[in-house]
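Student: These two chains come separately, so use the hints to put the complex back together.
Chains as they are written, first to last, in the working numbering: chain A, 1 to 190; chain B, 191 to 789.
One thing to keep in mind: the hints can contain errors.
Only some residues are given here: those of chain A computed to face chain B with a beta carbon under 8 Å [what the hints assert, rightly or not]: (1) 17; (2) 21; (3) 22; (4) 38; (5) 39; (6) 43; (7) 46; (8) 50; (9) 68; (10) 70; (11) 116.
Since the hints were made in silico from the structure, they are not lab data. Everything numeric in this text was worked out from a predicted model, so none of it was measured. Just so you know, even glycine gets a beta-carbon here, dropped at the ideal spot from N, CA and C.
Letter by letter, the chains look like this.
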Amino acid sequence: MDIVRNQQKEKMHPHKFTLWVAIGSLIMMFAGLTSAFIVKSNQANWKPVTLPTVFWVSTGVMLLSSLTIQLALRSFKDREMNKYRMLIGLTVLLGIAFIVFQWMGFQQLWAQQITFKGSGGGQFLYVIFGLHALHVAGGLIALAVIFLKGFFGKTKNYSAVPVEVAATYWHFVDALWIYLLVFFMILGKN
Amino acid sequence: MSETSTLHAGAVGHHDDHGHGHHEQSFISKYIFSMDHKTIGKQFLITGIVWAIIGGLFSVLFRLQLGYPDQTFPILETFFGHWAKGGQIQPEFYYGLVTIHGTVLVFFVLTAGLSGTFANLLIPLQIGARDMASPFMNMLSYWFFFLAGIVMLSSIFVHTGPASGGWTMYPPLSALRQAGDGQKIGTDLWLIAMALFIVSSLLGGLNYISTILNMRTKGMSMTRLPLPIWAMFFTAVLGVLSFPVLLSGAILLLFDRNLGTSFYLSDIVVNGEILPNEGGSAILYQHLFWFLGHPEVYIILLPAMGMVSEILSVSARKPIFGYMAMLGSMFAIAILAFLVWAHHMFVTGLNPFLGSVFVLLTLLIAVPSAIKVFNWLTTLWRGNIRFTPAALFAIGFVSLFISGGLTGIFLGNSTIDIHLHDTMFVVAHFHIVMGVASFFGMFAGVYHWFPKMFGRYMNNTLAYIHFWVTMAGAYLIFWPMHYQGLAGVPRRYLDKKGWVSFNQFADLDKMITVVSIIVFAVQLMFVFNFFYSIYKGRKVTTTNPWEANTLEWTTPINPGHGNWVGEIPEVHRWPYDYAKDGRDFIPQTEPVGANESKH
Ligand code: HEM
Ligand SMILES: [Cu+2]
Numbered sequence: 001m002d003i004v005r006n007q008q009k010e011k012m013h014p015h016k017f018t019l020w021v022a023i024g025s026l027i028m029m030f031a032g033l034t035s036a037f038i039v040k041s042n043q044a045n046w047k048p049v050t051l052p053t054v055f056w057v058s059t060g061v062m063l064l065s066s067l068t069i070q071l072a073l074r075s076f077k078d079r080e081m082n083k084y085r086m087l088i089g090l091t092v093l094l095g096i097a098f099i100v101f102q103w104m105g106f107q108q109l110w111a112q113q114i115t116f117k118g119s120g121g122g123q124f125l126y127v128i129f130g131l132h133a134l135h136v137a138g139g140l141i142a143l144a145v146i147f148l149k150g151f152f153g154k155t156k157n158y159s160a161v162p163v164e165v166a167a168t169y170w171h172f173v174d175a176l177w178i179y180l181l182v183f184f185m186i187l188g189k190n
Numbered sequence: 191m192s193e194t195s196t197l198h199a200g201a202v203g204h205h206d207d208h209g210h211g212h213h214e215q216s217f218i219s220k221y222i223f224s225m226d227h228k229t230i231g232k233q234f235l236i237t238g239i240v241w242a243i244i245g246g247l248f249s250v251l252f253r254l255q256l257g258y259p260d261q262t263f264p265i266l267e268t269f270f271g272h273w274a275k276g277g278q279i280q281p282e283f284y285y286g287l288v289t290i291h292g293t294v295l296v297f298f299v300l301t302a303g304l305s306g307t308f309a310n311l312l313i314p315l316q317i318g319a320r321d322m323a324s325p326f327m328n329m330l331s332y333w334f335f336f337l338a339g340i341v342m343l344s345s346i347f348v349h350t351g352p353a354s355g356g357w358t359m360y361p362p363l364s365a366l367r368q369a370g371d372g373q374k375i376g377t378d379l380w381l382i383a384m385a386l387f388i389v390s391s392l393l394g395g396l397n398y399i400s401t402i403l404n405m406r407t408k409g410m411s412m413t414r415l416p417l418p419i420w421a422m423f424f425t426a427v428l429g430v431l432s433f434p435v436l437l438s439g440a441i442l443l444l445f446d447r448n449l450g451t452s453f454y455l456s457d458i459v460v461n462g463e464i465l466p467n468e469g470g471s472a473i474l475y476q477h478l479f480w481f482l483g484h485p486e487v488y489i490i491l492l493p494a495m496g497m498v499s500e501i502l503s504v505s506a507r508k509p510i511f512g513y514m515a516m517l518g519s520m521f522a523i524a525i526l527a528f529l530v531w532a533h534h535m536f537v538t539g540l541n542p543f544l545g546s547v548f549v550l551l552t553l554l555i556a557v558p559s560a561i562k563v564f565n566w567l568t569t570l571w572r573g574n575i576r577f578t579p580a581a582l583f584a585i586g587f588v589s590l591f592i593s594g595g596l597t598g599i600f601l602g603n604s605t606i607d608i609h610l611h612d613t614m615f616v617v618a619h620f621h622i623v624m625g626v627a628s629f630f631g632m633f634a635g636v637y638h639w640f641p642k643m644f645g646r647y648m649n650n651t652l653a654y655i656h657f658w659v660t661m662a663g664a665y666l667i668f669w670p671m672h673y674q675g676l677a678g679v680p681r682r683y684l685d686k687k688g689w690v691s692f693n694q695f696a697d698l699d700k701m702i703t704v705v706s707i708i709v710f711a712v713q714l715m716f717v718f719n720f721f722y723s724i725y726k727g728r729k730v731t732t733t734n735p736w737e738a739n740t741l742e743w744t745t746p747i748n749p750g751h752g753n754w755v756g757e758i759p760e761v762h763r764w765p766y767d768y769a770k771d772g773r774d775f776i777p778q779t780e781p782v783g784a785n786e787s788k789h
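If we strip away everything but chain B, and leave its shape as in the complex, we get (with noise of 0.2 Å):
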């Protein structure tokens, strides 16, 4: 690895505007094993909408299930065979959607489709350096991933289906092969994939914290730095210190499953067969999972917020309000992040004192968050707002994460969960503020930085379609589910007809159901809208598009390997001086003027 000192003198000096000019290196090096820290983005983004729209296909499969559980569609027992007999979704089926859907958004799209775009693209153009610490470990980053996507979509093709046991993956269900065709090879698949994920996660982590912490150029200091390089780092140290113990704990698993260990198993009958494992515990798993799956929720959150800053403080024309506050809060998200996992485990027979404990931790965190509202909605007061496709994603960001945060907090009350867990409701509350809310970011990113990523527009009578469908949308999906929460709906039931109480949602399902069709099929308009832009969009003529004051609009507008022509900018300011003594923006590379005032 110490040959990062090749990296091309020649990328540096030589640089074509177009991206059309004959390459010094092949299309092999160039597009697939690439060590530029820009095509390496591209290839996480492409690779994640890839991911993104199989997942959201299976939870329109799903929908149609709960929508229409007495409707027959011929047309996917064509597709899927055995699995929707007579062209209904098959238990089975149903179940290994509803775990593929789960993990592919919460680890492939939103964790690395979105941490690994956007930290590849931003962490070297933003803090100043031509690439990552090591281009080699970073690619190696994306090849892990590729990899472990391979391996679960095979999963998706073996006779017996895909995992069935939940994103979670609770043991004993997951432990036991006899318990169904998803607990099978699917599930070793899932769990091999699985590993993989974890160090392509864990190899680009420990490259964007050391990158961040020692290759900034000259004059960016910490507190200069552009506030989503501050959540990348935040949320690559949270990575970094928690998905090796979901390792271990899917170690542990995968021993249990096919040694016969007895880590999480004791006295178990399946089928009227008795097995001999003693003395393991289940709740153990879930200590583990827990551990890394509440930090992996801010994993996914973190860098979304960092990039609504930029882009609301961008857009608003405005200084983001309280810097440092933003900082502080994301500080205490994080350690908080791994004080509260419990907060999952209300009604596993937890120690009510524990309990206590935990729902105190949980409810702290609701200041850093209210802190970061404040200040976004502050940002945005009598700004002279843009209203870009990119902010308005930002400022949907913001009110999703309201309205999210708020049901955490029911959630996050011991005596309240213990009716809401396992319901509806908790479906309603992390998909409105994880799942929605961070696809808001990632869109605001993606709007804010193709052209940066491309040299291109993407068009924006598309991209207006796609915001306002997609937040009516969201909330049309999601808000009822609240309500059949709070009734007791369960989640992960694949029909409710035996439940006389539940039949007032039929016809709110099947509104659900319509919606999350329309829903997906905008998304789609966005993926075509993504694609034809990077041949067909709108040339940008500008380096600066948006008159942004951080490093990466210094570039040339199709930066070559090494980001700059000559020298690497020196910074002399914070990148929010917006509306200053007079001045729409100054960019970070302006030096102090004499008489300036103090920001």
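Just chain A, same shape as in the assembly (with noise of 0.2 Å):
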């Protein structure tokens, strides 16, 4: 018997509406490191920082990767698996990519003394940058189980749910860099 499918009143499948509230609960953690930010970027001996370009490069992965996560949810949905394994493993090549060149990023900025000592928007990036890494880095465990799933795991239940999730997620995690990456652009400079 299956707890969650014979409810009668449902729309959503909990699981997802359970991300959608989680993705509320990271939302507020990010507004409020960055509202930190704010505050404190008008107190005195504060030094701004600007973006390595390597930043680009790793939006550019980003960008790229929701699009194959995309498409694998779709090939999920159409039945073909060997795309949609594909595709998955290619998310999660990109994945680990994004946080090679983000981990390029601070070790630019380190060689370019911008380092804990001291005070300005450097520290905040480290922390704000890192904290989303470490949560791309989440997105891509689950992203390796789904993949591997796609190979060993039964294929008679057919729920695309895990997929979905795992998408919405990744879109999510994408959308806050772009965030993040415009709030230094703009705000990192003064």
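Tutor: See the structure below:
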């Protein structure tokens, strides 16, 4: 007996719904951090931060991965399992690449003497981008599980829900990244 | 997590009335790593009780110091070694005790212990669901809480002692390892424990919200939900939106402590050493903290309010007065809770104009609060009240909420708060309105739903003693603190002997300490009653012992995993049809009769 499915009044799958609430929660966390940035950027001795260009590369990678996961979801629904596996695998690779590029960005900033000393946008950047990367990494773990399930899982149960949940989450970390990028582009400079 | 479908067809079709039949599951999966919401609720409750004993004991210890600052208690040295040298509580230890007392009671007992217990127990049972939306996440929520507890507990045993920056953990003190023993490893452990705790709260809250919105049984529209469920819903929304902000504040604090960043630190000299930090703002932390901190006080209070509403209606044998007004006022409280945080910061140099905006918003909370009080009193008015222990505690809650709410209005005026801030007046205010009141809600809930949890009753005589001593004791302890605060006695001071003007309170402080010890002893009696009754209490022989309308009383006396044998019942009416058309009570499952009057 399926406790989830046997409910009479049900619009959205509870797991999908839970994800949306969780996204609300994550938004509050990053809203908290970026407001802290704004409050603090008015203090004395604040040093601005300019983003290294490698963050543009990671942005491209992130956008591309949103596309691949969307296509993967479509192929899953069309039961094109080979295409689905390939696209999910590609998304995982792009996600890893994203984190690598973020790391390179951190290293470049560090080399420019933007460190934990003193005060300024750089410290926030490490914390905020770092936390974002952690959330990407969390998504990668989920994607890796789904990827492996695509090979070994029983295919008789064709529920698209886990893939849909993963895709929604992935689009969210993508959108979050764009927000953070624009935020630092505009407010990081002053 | 798509494995929810494995949720025991067996448990639904098979259950045994006495809970002693042979188990299909192993002990581990039934009692330890259980995914049954009822078991998880009990786990939260029992863990909460353990924490309440620890936190309560700590308060007795620091009350000893406050009441008898010159006396030595050699036994303390036996137990606490260098922290109580010569039988006297040392300053660092005193701050550690205050800090852990506050943290544990606010977060571990009155947040996790209260919401964790009753949201888990009541949501599926009262909305008519077999379990939570994600039983697995629910289990994780408990185990993150458990882990947080282990880390917090271990901080008490490290050589330099637990965190001692107060439950609010303000920097710069909390950000500087050099500042004192409690700021060393103890504070890191405190932060880690809190991070784990926040994860636990979020997992729980997400689950509560999506369960309430998605898994109600047929006919259970939102306006037919029992009030505890609405309260848990608003509580979960508050938690899900405010805890992540505290988490971000805590992460920045961890960075400042361990990696040399300057989020909160600026131009600091500690013991003659000039620190390199610059440009930080300690006030920033207060904003992040109180953005959670104020909603947190309602996270603690709302579940108690919801359960009190239910219990008062059942005990008065009358419909709750103003159901929609109750919803409206809870909604207003939830919104306002996010807009008043700076009333904790009137003396931080807040812009006076902003200050008056926060005064206005703060005083607005009095309106929904007053509506709720009015509705509770009106529910009781001319009721045919059954003074069960649960009913007494619910009535006690209303009394405490009125008393503490009134002192809130004093504090909400920034002009008065400038005098009262950080005095014992604040301590009195929040202990009465939040601490004791929520405990009363929790006790009411335990006495009321104990038969559902364990299939037995608690002992009534002990329960009545528990109520009267706690009720009188709470007022005796906290009422005088208002006068101390008005006279300027600061909170968190180890010793006031240096102030001549405070000497007048020496005897009062002794009285408070003596009463605290008595009240603590009576709580131990409650704990005894609780555990004794689990095994030896009088057995419940009817499914609906309080003659209540809600769905949990339609389940078997000892429901198995899945709650109902066979179909989940359908709901046809709101839960408060008491004393209607000449009938004492009409359960929610009963179809509306042809010529029944509308409520
Ligand atoms: C009419 C309603 C209320 C008003 C106007 C009010 C106002 C205030 C103000 C202005 C303070 C800050 C005092 C200071 O530190 O100087 C305060 C402290 C506090 N209030 Fe209330 N309050 C109200 C109700 C409540 C309720 C219902 C709760 C909890 C359920 C609560 C819990 C607390 C706590 C925990 C603190 C102290 C925190 C600390 O500094 O450690 N209050 N209140
Ligand atoms: Cu407040």
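Student: What are the numbers of the hints the structure violates, in ascending order?
Tutor: 4, 8, 9 and 10
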